[in-house]
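Peer 1: Please build the complete structure, drawing on both the sequences and the hints.
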Amino acid sequence: MHLAISVRPLFPEAIAAWTHGPVVPELYEYYQKYGNGAIPCPTEIDFTRYDEETRSLLDEVYSVFGQFSAWKLRNMTQAESPWQAALSTRSLITHRSMKDYFKTQLNYEAEAV
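Under my numbering, think of the first position of the sequence shown as 12, with each following residue one higher.
Bear in mind the hints are in silico, worked out from the structure with no lab data behind them.
Here a beta-carbon is modelled for each residue, glycine too, at the ideal position from N, C-alpha and C.
Treat the hints with care, since some could be wrong.
[What the hints assert, rightly or not] Derived DSBU-like pairs (lysine-lysine); straight-line CA-CA distance at most 35 Å: (1) K83 - K44; (2) K83 - K114; (3) K110 - K83.
[Claimed, not checked] Here are the in silico distance ranges between beta carbons for each label pair: (4) Y45 - Q78: 16 to 24 Å; (5) P36 - S99: 25 to 33 Å; (6) W29 - E63: 26 to 34 Å; (7) A96 - V75: 34 to 42 Å; (8) W29 - T59: 26 to 34 Å; (9) L103 - V72: 16 to 24 Å; (10) F76 - T115: 17 to 25 Å.
Peer 2: Written out as C-alpha coordinates, the structure reads:
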(Lines of atoms letter the chains of each structure in order from A and count residues from 1; the text may use other names and numbers.)
(Lines give C-alpha, C1' and ligand atoms only; values in the text may rest on other atoms or scores of the structure.)
Protein backbone atom coordinates (compact mmCIF):
# COMPACT_ATOMS: atom_id res chain seq x y z
CA MET A 1 0.00 0.00 0.00
CA HIS A 2 2.86 2.36 0.85
CA LEU A 3 4.16 2.34 -2.73
CA ALA A 4 0.77 3.41 -4.05
CA ILE A 5 1.00 6.69 -2.16
CA SER A 6 4.76 7.24 -1.97
CA VAL A 7 7.61 7.34 -4.45
CA ARG A 8 9.99 5.41 -2.22
CA PRO A 9 9.75 1.89 -0.77
CA LEU A 10 9.21 1.55 2.98
CA PHE A 11 12.24 -0.76 3.26
CA PRO A 12 15.13 -1.71 0.93
CA GLU A 13 14.93 -5.52 1.07
CA ALA A 14 13.55 -7.53 -1.85
CA ILE A 15 10.23 -9.37 -1.53
CA ALA A 16 10.10 -12.92 -2.85
CA ALA A 17 6.99 -14.85 -3.90
CA TRP A 18 7.08 -18.06 -1.88
CA THR A 19 4.44 -20.79 -1.81
CA HIS A 20 2.61 -19.41 1.21
CA GLY A 21 2.84 -15.75 0.24
CA PRO A 22 5.26 -12.82 -0.01
CA VAL A 23 8.44 -13.15 2.05
CA VAL A 24 11.37 -10.89 2.83
CA PRO A 25 14.07 -13.63 2.94
CA GLU A 26 16.26 -11.74 5.43
CA LEU A 27 13.35 -11.51 7.88
CA TYR A 28 12.49 -15.15 7.33
CA GLU A 29 16.05 -16.18 8.21
CA TYR A 30 15.98 -14.05 11.36
CA TYR A 31 12.59 -15.29 12.62
CA GLN A 32 12.60 -18.90 11.39
CA LYS A 33 13.73 -20.09 14.84
CA TYR A 34 10.14 -19.55 16.02
CA GLY A 35 8.78 -22.03 13.49
CA ASN A 36 5.00 -21.82 13.38
CA GLY A 37 4.84 -20.45 16.94
CA ALA A 38 4.15 -16.90 17.98
CA ILE A 39 6.93 -14.34 17.61
CA PRO A 40 7.33 -12.43 20.87
CA CYS A 41 6.39 -8.77 20.83
CA PRO A 42 9.40 -6.49 21.24
CA THR A 43 9.49 -4.72 24.58
CA GLU A 44 10.69 -1.46 23.07
CA ILE A 45 10.30 0.05 19.63
CA ASP A 46 11.89 3.38 18.76
CA PHE A 47 9.18 4.94 16.62
CA THR A 48 11.08 8.23 16.49
CA ARG A 49 13.25 6.71 13.76
CA TYR A 50 10.23 6.92 11.43
CA ASP A 51 8.73 10.12 10.04
CA GLU A 52 5.13 11.02 10.87
CA GLU A 53 3.80 9.77 7.52
CA THR A 54 5.41 6.35 8.04
CA ARG A 55 4.19 6.07 11.65
CA SER A 56 0.68 6.93 10.51
CA LEU A 57 0.84 4.30 7.77
CA LEU A 58 2.13 1.63 10.18
CA ASP A 59 -0.66 2.45 12.64
CA GLU A 60 -3.24 2.18 9.86
CA VAL A 61 -1.86 -1.14 8.59
CA TYR A 62 -1.91 -2.59 12.10
CA SER A 63 -5.40 -1.23 12.72
CA VAL A 64 -6.76 -2.85 9.56
CA PHE A 65 -4.74 -6.07 9.29
CA GLY A 66 -3.71 -6.78 12.90
CA GLN A 67 -7.01 -8.54 13.53
CA PHE A 68 -6.39 -11.30 11.00
CA SER A 69 -4.78 -14.69 11.58
CA ALA A 70 -1.65 -15.76 9.73
CA TRP A 71 -3.75 -18.03 7.48
CA LYS A 72 -6.21 -15.26 6.66
CA LEU A 73 -3.33 -12.92 5.75
CA ARG A 74 -1.79 -15.72 3.66
CA ASN A 75 -5.04 -16.19 1.75
CA MET A 76 -5.39 -12.45 1.22
CA THR A 77 -1.89 -12.06 -0.23
CA GLN A 78 -2.35 -15.10 -2.46
CA ALA A 79 -5.37 -13.41 -4.03
CA GLU A 80 -3.26 -10.40 -5.05
CA SER A 81 -1.80 -10.15 -8.55
CA PRO A 82 1.77 -9.09 -7.60
CA TRP A 83 2.28 -12.36 -5.70
CA GLN A 84 0.51 -14.46 -8.35
CA ALA A 85 2.57 -13.02 -11.21
CA ALA A 86 5.89 -13.34 -9.39
CA LEU A 87 5.15 -16.89 -8.23
CA SER A 88 4.22 -18.03 -11.73
CA THR A 89 7.55 -16.77 -13.10
CA ARG A 90 9.58 -17.59 -9.95
CA SER A 91 10.74 -14.01 -9.68
CA LEU A 92 10.76 -11.25 -7.08
CA ILE A 93 7.69 -9.14 -6.45
CA THR A 94 8.61 -5.83 -8.05
CA HIS A 95 7.96 -2.40 -6.62
CA ARG A 96 6.23 -1.50 -9.90
CA SER A 97 3.77 -4.42 -9.66
CA MET A 98 2.92 -3.53 -6.05
CA LYS A 99 2.53 0.17 -6.87
CA ASP A 100 0.24 -0.56 -9.83
CA TYR A 101 -1.86 -3.10 -7.92
CA PHE A 102 -2.37 -1.01 -4.79
CA LYS A 103 -3.17 2.11 -6.81
CA THR A 104 -6.08 0.20 -8.34
CA GLN A 105 -7.15 -0.88 -4.84
CA LEU A 106 -7.07 2.70 -3.58
CA ASN A 107 -9.12 3.83 -6.60
CA TYR A 108 -11.62 1.02 -5.96
CA GLU A 109 -11.99 2.00 -2.29
CA ALA A 110 -12.41 5.68 -3.20
CA GLU A 111 -15.16 4.84 -5.70
CA ALA A 112 -16.97 2.68 -3.13
CA VAL A 113 -17.27 5.59 -0.68
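Peer 1: Give a verdict on every hint.
Peer 2: Now for the hints, and whether the structure bears them out:
1. K83 - K44: holds (22 Å)
2. K83 - K114: holds (22 Å)
3. K110 - K83: holds (22 Å)
4. Y45 - Q78: 16 to 24 Å: holds (21 Å)
5. P36 - S99: 25 to 33 Å: violated (19 Å)
6. W29 - E63: 26 to 34 Å: 33 Å Cβ-Cβ, so the 26 to 34 Å window holds.
7. A96 - V75: 34 to 42 Å: violated (24 Å)
8. W29 - T59: 26 to 34 Å: holds (33 Å)
9. L103 - V72: 16 to 24 Å: holds (21 Å)
10. F76 - T115: 17 to 25 Å: holds (18 Å)
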